[in-house]
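*Asks:* What follows is the residue order along each chain.
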Amino acid sequence: MDNKTVTIKINGVEYTVDGGSTILEACRKAGIEIPTLCYMEDVCDEGSCGICVVEVLKARTLQRACITQVFEGMDIKTNTPKVRLARKTIVELILANHPKDCLNCSASEICELRKISYDLGVTETPFEQTKELDLPLDLTSPAIVRDLNKCILCRRCVKVCEVVQSVNVIDIAGRGINSRVSCFMDKGIGESYCTNCGQCIKVCPVGALTEKSDIGRVWDYLSDPTKHVVVQTAPAVRVAIGEEFGMPVGSLVTGQMAAGLRRLGFNGVFDTDFSADLTIMEEGTEFLGRLTKVLGGEEASLPVITSCSPGWIKFIEHYYPKCLPNVSSCKSPQQMFGAVSKTYYAEKMGLDPRNIICISIMPCTAKKYECLRPELDDAFDHWKDKLMLKDEDHFQDVDAVLTTRELGRMMKEGGIDFVNLPDESFDSPLGESTGAAVIFGATGGVMEAALRTVYEVVTEKPLPKIELEAVRGMQGIKKADVPLVKPDGTEIVAKVAIASGLGNARVLLEEVNNGTSPYHFIEIMACPGGCLNGGGQPICDDPNVCEKRASAIYQQDEALTIRKSHDNPEIKKIYEDYFEKPNSHKAHELLHTHYIERDIYEQEKE
Amino acid sequence: MKFYRTHVLVAQDTKSILAGSKRIEETLIEEIKLAGLENEIRVIPTGSLGYSENNQVAIAIYPDNIIYAPVLTSSVKEIVEEHFLKGRIIKALAHPMKHKEISMEERTSENQLNIDVQKRIILKNVGQINPESIHEYIAADGYMALEKALSEMTPESVIEEMKTSELRGRGGAGFPTGLKWQFTRPNPGPTKYVICNADEGEPGTFKDREIMEGDPHKMVEGMILAAYAVGGTDGYIYIRGEYNLSINRLQKAIDACYEYGLLGKNILGTDFSFDLCIHTGAGAYICGEETALINSIEGKRGEPRKKPPYPPSQGLWQKPTLVNNVETFANVPAIINHGGEWYKTLGVEGSYGTKLFSLMGDLNWKGTIEIPFGTTIGKIVDTIGHGVRYDRVLKGIILGGSSGSLIVPGELNTPIDFQSLSRIEAGPGSGSILVMDETRCIVDICLNIAEFFRHESCGKCTPCREGNAQICHLLEMISYGYGLPEDLEKLERIANTMMETSFCPLGQTAPSVLLQALKKFRGEFLAHIDENICPAGVCEINFVEEECSCG
Amino acid sequence: MEEKKHLLEQLHEIQNNDDKHYLPKEKVVELAKKHGYDLAQVYGVETFYTMYSTKPRGKHIIRICENQSCHMANSKKLIRHMEAILNISVGETTEDGFFTLELSSCLGMCSVSPAMMIDEVPYGNLTEDRIDEILATYKEDK
Ligand SMILES: Cc1cc2nc3c(=O)[nH]c(=O)nc-3n(C[C@H](O)[C@H](O)[C@H](O)COP(=O)(O)O)c2cc1C
Ligand code: SF4
Ligand code: SF4
Ligand code: SF4
Ligand code: SF4
Ligand code: SF4
Ligand code: SF4
Ligand code: SF4
Ligand code: FES
Ligand code: FES
Ligand code: FES
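Residue numbers (the working numbering), protein chains in the order written: chain A, 71 to 676; chain F, 17 to 567; chain U, 55 to 196.
Derived by calculation from the structure, the hints in this document are not laboratory data. Among the hints, erroneous ones may be present.
[As the list claims (entries may be wrong)] 27 Å max Cα-Cα, derived DSS-like pairs, lysine-lysine: (1) U/Lys79 to F/Lys316; (2) A/Lys675 to U/Lys87; (3) U/Lys113 to F/Lys38; (4) A/Lys656 to A/Lys363; (5) A/Lys392 to U/Lys79; (6) A/Lys79 to A/Lys170; (7) F/Lys322 to A/Lys79; (8) A/Lys651 to A/Lys675; (9) F/Lys506 to A/Lys201; (10) U/Lys87 to F/Lys38; (11) F/Lys316 to U/Lys193.
As the structure is a computational prediction, the values presented were derived from the model and not from experiment.
I would like the entire structure built from these sequences, with the hints used as guidance.
*Replies:* So this is what it looks like as structure tokens:
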């Protein structure tokens with residue numbers, strides 16, 4: 071692109087701006103607001119909505135600020151009667167075919183259309199409805215609800231699914247006034263090959279895409295006196311939930327979150343970080359096992375690829391089923407926690423596992439799908455013979471998943487004054503965790519946590535510097551060579567790579583698929599930036615949201631005294647008391663799983 | 017070559033074939049043989065003769081210059097005996113214009129098609145040669161321009177010649193063709209595309225079809241010349257899926273070119289190579305827009321792309337791409353043969369050459385014509401169209417298709433050229449002239465146009481997707497008698513927003529006839545709204561009122 | 055980059071070779087699998103162009119033009135006539151699966167309006183009588 075600067079005029083004032091920038095970028099730099107609906111930096115520049123139009127001197131028509139490049143001498147007017155009338159008319163045209171259900175719309179807090187129509191002074195809809203708004207709600211997915219009657223066809227979801235995630239499960243179907251966002255054959259999104267990553271929900275400017283709420287079910291469990299309801303919270307939740315209550319982006323609110331959960335009535339307030347440490351023990355051991363085998367000339371699948379992101383797991387099952395042997399057999403921390411809560415914890419507390427309800431609070435919509443996978447329900451199998459359970463007694467390891475956003479709403483409904491809550495800590499025995507676990511929430515975190523342990527196991531020496539800067543940061547793909555010197559002096563160089571966002575994952579996967587991958591260990595997170603930017607996180611227009619949440623995560627890591635998983639006393643204890651050692655028979659029974667080939671084409675033929 | 021005393025041309029365009037022209041051709045050959053004239057009289061299938069509008073088969077006899085129409089199988093024997101054997105013209109069979117008395121002198125083909133008003137350069141061969149024979153095209157000086165260019169001219173000088181001619185694109189926008197070629201040439205290869213836009217979807221436009229059915233080689237030659245000039249390596253003819261006959265004839269033309277070394281590797285023994293194939297559309301008017309067309313060839317939804325980048329720098333598969341209309345390409349051979357300066361002797365300042373128009377609606381004669389720029393609208397209607405049908409009064413003309421403009425009788429003296437038309441907020445557009453007589457209702461016409469655009473909007477951008485639907489709804493209400501006084505302002509507001517903010521020219525021009533109608537025929541809209549009557553008696557408004565008879 | 059080069063042509067081929075003149079799901083999935091096309095995008099294409107159908111249609115497809123010139127030549131009346139004699143509405147297929155009735159944008163035959171196409175064959179200067187005659191010739195081939 072042209073990087074020379076150019077001089078332009080905006081509303082009569084001269085500015086010198088980068089020649090490659092758009093009118094929108096130039097205006098934003100100059101502090102001039104231009105409304106947008108369809109535009110999203112780096113994701114969607116289709117120019118479809120038309121709301122951002124401005125007057126450009128000598129241009130035949132109004133110009134779209136979001137996609138029109140500036141040129142030397144350009145004379146722009148952003149606030150003229152013509153511009154205001156055009157924008158207003160466009161909003162009115164949208165509203166003519168929009169349900170206007172703001173009162174019972176779960177997006178009303180964040181809805182950009184509602185806000186724009188207020189900002190532009192739209193006080194009536196002069197136009198009548200010209201199409202039926204009778205598309206049924208799409209409830210086929212356990213993670214996503216689609217109300218396409220509310221869709222304004224901005225295409226942000228289509229583009230994020232295509233450009234960022236490379237999943238391409240949705241596109242526009244039909245033409246003209248009959249256009250709609252659609253899966254193949256207009257199927258439900260749950261019947262299609264969506265990964266449930268929820269990135270589309272995050273970008274939808276209106277209430278057309280929302281998570282499927284499980285709040286009601288959780289309230290029901292909480293008010294059932296026969297149930298012992300435990301809750302686990304993922305690492306990425308504590309750095310984001312504050313935003314739901316108006317706190318600054320990147321607020322670290324672990325203690326308040328624990329306090330709030332306790333006030334909602336949970337019987338045990340635990341931390342997924344505990345099982346994240348467990349994951350490191352299991353995954354690290356699995357990795358070293360495979361690496362040693364390969365170095366010793368035996369057969370084993372390398373690279374090992376992490377498995378804690380269910381959006382990612384569904385993606386590889388659909389698109390690279392041949393690579394499934396490379397994926398670690400470890401369950402995700404959420405599912406490890408569920409299994410442990412209904413076995414180890416149940417035994418320890420003397421509870422009937424049937425009466426334990428395990429709820430998890432996740433930054434993630436894909437976890438809603440994950441907890442329904444039947445092959446993950448190991449606690450039931452564990453108890454089946456011992457308690458003589460029948461098939462109808464079946465229970466899941468994790469009973470319900472709430473996103474960070476849902477927890478925020480639930481606390482509001484429960485009347486919890488979150489901001490003024492005191493700090494409290496998690497309960498024991500599944501509440502203790504390490505810095506290694508908390509960084510799981512950022513891209514590169516699992517890798518860093520694993521390497522902290524792997525290093526010490528291999529070298530039998532303490533890690534000289536705990537922070538591994540090479541695997542941190544928001545780049546989509548990161549690579550590092552980590553030298554490990556064994557006590558006998560031989561050196562292994564562990565080649566590792568990290569991808570976040572499925573589009574980036576695809577790049578690394580292509581290499582694995584065609585046998586050219588140079589890596590030993592790969593971490594993949596479905597969401598760009600990792601879980602801290604998960605599909606269930608608060609929706610926020612701060613462009614640096616990922617960095618801010620990540621820095622809160624690293625801040626918590628540093629504040630913790632124990633920062634390596636294998637040093638976690640409760641982890642040591644659970645191996646002593648229960649699992650014996652990582653990758654033991656029992657660990658395999660409860661903490662590991664297998665995957666399913668789901669070729670998208672074969673699936674669609676049925 | 018054998019010498020024939022007389023040539024009989026049988027129209028074999030879509031419409032004539034439907035009317036049975038194949039059978040007429042066979043019968044003619046049989047009868048001529050029976051009469052023993054097969055060495056004197058030659059039967060040639062050809063493109064449209066311009067007489068097929070009423071489901072009739074027409075034949076032309078040269079050099080006698082007589083058109084017989086309608087010709088039935090039963091009359092073939094008489095033609096052979098009377099005309100060919102005895103040399104007597106059968107007056108009763110010579111084509112008379114409908115609803116109009118035409119003297120015998122007027123019945124020669126030249127007069128009937130008003131060759132003095134028309135000027136046939138692009139259509140020179142249409143109705144004269146067999147479009148399926150490359151020999152006949154070559155005999156009519158075909159591929160002479162290509163030979164000249166390849167042997168005597170550099171690509172740059174071809175472009176110079178085009179620039180001298182000041183030919184402007186015939187696809188609608190009127191962009192200078194030579195300039196477009198010049199922009200395309202310097203962009204780096206190795207692959208560069210030349211695309212012929214043969215989507216012809218604008219309602220009321222069928223002039224490109226006339227070329228493709230009647231003289232496909234002319235367009236192909238133009239494309240090869242363009243490829244030579246801009247450095248094109250691969251060509252596509254993007255043609256609408258409904259044009260089966262055109263597709264067949266073009267395919268035959270392409271096959272023949274490959275056979276004769278006019279396409280493929282080392283054309284005419286030079287270093288220049290160019291491949292060409294046909295790509296059929298699948299029913300989407302928007303695919304006539306060049307970037308939507310490119311998306312369509314790429315196997316995508318035919319939605320327009322943002323510009324820049326323009327196709328000459330990044331088009332098909334991101335490669336430099338030249339897109340021109342069928343008629344634009346068909347102009348090229350003559351320009352190369354006779355020179356750009358010669359071309360400028362035709363037409364008027366700023367609008368040189370001839371232009372094809374599709375003539376239709378309430379006229380005595382309908383079909384495709386070729387006129388030099390500068391001819392007035394009135395002259396076309398009166399002389400070539402032989403006036404309004406049934407001696408009715410002219411109400412208005414829609415010029416340039418549904419996205420064109422509305423001309424009223426007071427503007428008939430306007431010459432057809434870019435400058436004069438722009439003075440009345442019009443343009444030649446796709447080249448269609450739709451004549452409406454006094455019995456037509458303007459609300460009904462606008463509604464019909466709006467329905468077209470609602471159906472054809474790609475749906476990508478809000479103003480066009482929602483605006484067209486909204487306009488349709490409002491016009492429907494008005495035509496049913498439910499219109500409100502404020503509806504006209506609403507229509508204007510939507511129309512203006514569409515013109516100002518639509519993503520591509522489809523949405524920008526969709527409301528242009530409506531906006532002009534609201535100005536020029538406002539009273540008629542108001543009659544529907546205020547008085548609940550449709551002055552022309554077309555809208556169903558009248559029935560609505562009758563329903564209220566219960567008291 | 056040229057992966058979807060002939061998608062439109064490929065879809066035409068599937069549809070032309072199908073008795074019911076539509077794009078059967080299995081065939082489309084097969085095509086997509088062979089070339090690695092994304093299914094949602096192929097579906098977007100199938101539903102964008104009016105010549106494609108994702109639902110089974112009749113043996114013959116009738117497409118009547120409803121644009122300006124034909125509209126002025128009273129195509130509305132012909133459409134109603136067609137609906138009446140076939141006993142179906144626009145968009146439907148006759149009970150015997152013989153005809154599907156569709157509307158079309160301008161067919162480029164405006165000088166012989168009103169016009170229609172049955173499969174690949176165009177017809178112009180239509181009247182109610184001529185439509186009856188034409189349809190009868192199809193019935194004969196049955
Ligand atoms: C909605 C729309 C439809 C169009 N349809 C056609 C068409 O059918 N044929 C055509 O040649 N140009 C069509 N055009 C114009 C083309 O975009 C393009 O300008 C033209 O092919 C360039 O060729 P030219 O320079 O030879 O005119 C259309 C444009 C628009 C916006
Ligand atoms: S999407 Fe927005 S505008 Fe629409 S109903 Fe919901 S809150 Fe209201
Ligand atoms: S915003 Fe207005 S309409 Fe909505 S609830 Fe409040 S008062 Fe009612
Ligand atoms: S959840 Fe993810 S995979 Fe599914 S449609 Fe949304 S963006 Fe695409
Ligand atoms: S679902 Fe939401 S993001 Fe997707 S196009 Fe509709 S409004 Fe835009
Ligand atoms: S990184 Fe993601 S998957 Fe892993 S524990 Fe955290 S939230 Fe769960
Ligand atoms: S990256 Fe985290 S939030 Fe995103 S799908 Fe994976 S586990 Fe869920
Ligand atoms: S103006 Fe109409 S045709 Fe053009 S992009 Fe917008 S919706 Fe599509
Ligand atoms: S924000 Fe620019 S067109 Fe939508
Ligand atoms: S799947 Fe789209 S961002 Fe996670
Ligand atoms: S309007 Fe019907 S064929 Fe052109």
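*Asks:* Now tell me if each hint is right for this structure.
*Replies:* Hint check:
This hinted pair checks out: lysine 79 of chain U and lysine 316 of chain F have alpha carbons roughly 18 Å apart, not beyond 27 Å. Our distance criterion of 27 Å between C-alpha atoms is met by lysine 675 of chain A and lysine 87 of chain U, whose separation comes to about 10 Å. The suggested pairing of lysine 113 of chain U with lysine 38 of chain F holds, with an alpha-carbon distance near 26 Å, which does not exceed 27 Å. Between lysine 656 of chain A and lysine 363 of chain A the CA atoms are separated by roughly 22 Å; this keeps the pair inside 27 Å, and the hint holds.
At most 27 Å may separate the alpha-carbon atoms for a hinted pair to count; lysine 392 of chain A and lysine 79 of chain U meet this at roughly 25 Å. A C-alpha spacing of about 38 Å is found between lysine 79 of chain A and lysine 170 of chain A, which places the hinted pair above 27 Å, so the restraint is violated. In summary, the hint linking lysine 322 of chain F to lysine 79 of chain A is supported, as the alpha carbons are separated by about 24 Å, within the 27 Å threshold. For the given pair, lysine 651 of chain A sits about 45 Å from lysine 675 of chain A by alpha-carbon distance, which is inconsistent with the 27 Å threshold.
For the proposed pair lysine 506 of chain F and lysine 201 of chain A, the alpha carbon gap of about 18 Å is at most 27 Å, so the pair holds. Of the supplied pair hints, the one linking lysine 87 of chain U and lysine 38 of chain F is violated, its CA atoms being roughly 45 Å apart against a limit of 27 Å. At most 27 Å may separate the alpha-carbon atoms for a hinted pair to count; lysine 316 of chain F and lysine 193 of chain U exceed this at roughly 38 Å.
Hints 6, 8, 10, 11, counting from the list given before, are not met by this structure.
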